[in-house]
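Just so you know, the sequences run in chain order A and B. If you count by my numbering, then the first sequence holds residues 96 to 525, one letter each, in order. If you count by my numbering, then the second sequence holds residues 1049 to 1208, one letter each, in order.
Read the hints as simulated data drawn from the structure, not as lab findings. A few of these clues could be false.
[As the list claims (entries may be wrong)] Listed next, the in silico DSS-like pairs over lysine-lysine satisfying Cα-Cα at most 30 angstroms (straight line):
1. K1054(B) / K256(A)
2. K1118(B) / K439(A)
3. K1151(B) / K518(A)
4. K256(A) / K1143(B)
5. K1151(B) / K170(A)
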Amino acid sequence: MSQKYYLLRNREIPNIDQMAVYQSHGGYEALKKALNEYKPEELVDLVKKSGLRGRGGAGFPTGMKWGFLPNDGRKRYLVVNSDEAEPGTYKDREIIEQNPHQLIEGIIISSYATKAREAYIYCRGEFLFGAEQLQRAVAEAYAAGYLGENILGSGFSVDLKVYRGAGAYICGEESALLESLEGRRGNPRLKPPFPAVAGLYGGPTVVNNVETITNVPAIVTYGADWYTSMGTAKSPGLKIFSVSGRVVRPDNYEIPLATPLRTLIDDYAGGVLPGRRIKAVIPGGSSVPLLLPDKLDTPLDYESVLQAGSMLGSGGCIVLDDSVCIVGATARLVKFYREESCGKCTPCREGTYWMTDVLERIEHGLGTEEDLDTLMDIADNIGGKCFCPLGDASLGVLVSAMKFFRDEFEAHVREHACPMGAKLYDTVNH
Amino acid sequence: MKPEWKEWAREFKEQYPGANSALMPLLHRIQAHEGWLSDETIHDVATLFDLPESYVESVASFYSLFYRHKVGKNVVHVCVGLSCALAGSDHLMEKLEHHLGIKEGQTTADGEYTLLEAECLAACNAAPVAQVNLRYFERVDLERPEETLLGTSSEKEVTP
Ligand SMILES: NC(=O)C1=CN([C@@H]2O[C@H](COP(=O)(O)OP(=O)(O)OC[C@H]3O[C@@H](n4cnc5c(N)ncnc54)[C@H](O)[C@@H]3O)[C@@H](O)[C@H]2O)C=CC1
Ligand SMILES: Cc1cc2nc3c(=O)[nH]c(=O)nc-3n(C[C@H](O)[C@H](O)[C@H](O)COP(=O)(O)O)c2cc1C
Ligand code: SF4
Ligand code: FES
């Protein structure tokens, strides 16, 4: 499918990660426009008008968040969240590895808009190449005079540093990220206060996702009306969806919000393999509830997906076909939360541990009737009772799987075995 | 303590003057040179930062990519996330375990390889995915994973 790209421009322009190539395709023109034609407040208004919402998963309106920064003269910070680790999500990695300059241009414009004097990119520790790409691109931007003192003679100055995490999913949660950036364990902080009020080093801080910020140069170039011409009134604009699992063409797809889930899976990702049918879809990363095939016509915008019983989240769409054991898939995802629980609060630390234990037992045919009740019991003791959203996130798939596929869980217990062989992948058929 | 560590600590403290922000960059750089972070390293870093050893230990131990045990020259991470599992990552792990003669979490006797699980590496389109020393290997061949991941078989001959 041929299309024009605004975020994944690397798909059309080879080597756009190089400064010269990025510049020869209009790169950093949005920065010049922003500095020459807008006051910071006017840029905040522009982003408000565009309706851009946070692409890190929560969908909070970006312009509104920028507007929350208190005007009390304290030094402000912009922190870009590049800790992408939500299973099924891989859009930010493509941007930082292949289109880093658009992110950096977005960071400079956003720093100008929010009057931040210092900016950081917190890059997931596993993204070694991503961090190298960012560091190289940042150096190129300094050399070109787009970063540092008195940028392009505007009087505006900002410094940008790339900070490497070291392997911890929880550091994607913004307050844990700030703890980590301050040289501590990545344990979440109590919110409120939100980072906008007390963030990095206690200062007013904007934390935004990589994809969110990468939208900013395009919005400056093409305008708020262009952005709101796509999607819905409440969920305008473009979104990158990462499709994976049992589809023919797993890939990132940059499409307008409110595109139907079926179009994403069938037309873009090529549908499920021949002879297979969709069993369930995790539409927004591993922490959101399953959708059944009867919801395939759901438009992919924040409101519609919520109404359909799940969440748009980070846009990581994992497709499960009829060859996948739901119990096995659930066990795998819950185990992820057990591994990544930061251990600060008991319901999450202990709950994810026991849920994984019970689920693996059931998957391998060693579960009992009571185990099913135990699972729901533990889930009840986690839901709404944890310090940060990670605890709840461990329940999204589990609770919906128990609701929609209870018979499969029961079959495992009754038959003392996984009807599908307790393997998520069948080497014989592939 | 290696003489250059003092220099590095100073460099990072200048770059990141706030809180203990310089700590993780220093741990990263030392580990890149030493391969892992020994008790002695933790002690030395604590001295450089004028922090209790327990503080540095609590930070280092929190993050999975800071190795508090000696690892092999090459660290192999196999992604065990759901999308990779659906593409055969368990099978991939078994093959590598068999080839190296070790279990996940262990290091070969010759100190060449450590085999570890990774959570979703944000490359699910290219499942199954592995990293060797954090370099990506995508769509790993399930039949002969050792050929791409472990280099030529003669050079990487392993005694269990
Ligand atoms: N991209 C990824 O890899 C992952 C994404 N997620 C997503 O993260 C989401 C949860 O993130 P949270 O940050 O806990 O959500 P949240 O709703 O607490 O906050 C969203 C953003 O809005 C800001 N905000 C909200 N209310 C505010 C106020 N009154 N004043 C100032 N700022 C305010 C927050 O500071 C934050 O930046 C989930 O919905 C999930 O989809 C979860 C795991 C991984
Ligand atoms: C457990 C957990 C992990 C998260 N991981 C990420 C992440 O990897 N990347 C990200 O941008 N946001 C992540 N978030 C959301 C952030 O807390 C925050 O909402 C986001 O960075 C704000 O940016 P945005 O408004 O541009 O989306 C995570 C939240 C939670 C609870
Ligand atoms: S819910 Fe889990 S990850 Fe969040 S603070 Fe509690 S233990 Fe840590
Ligand atoms: S599940 Fe392996 S890269 Fe995402």
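Cross-check of the supplied hints:
1. K1054(B) / K256(A): Cα-Cα ~22 angstroms, so holds.
2. K1118(B) / K439(A): holds, 27 angstroms
3. K1151(B) / K518(A): holds, 19 angstroms
4. K256(A) / K1143(B): violated, 40 angstroms
5. K1151(B) / K170(A): violated, 50 angstroms
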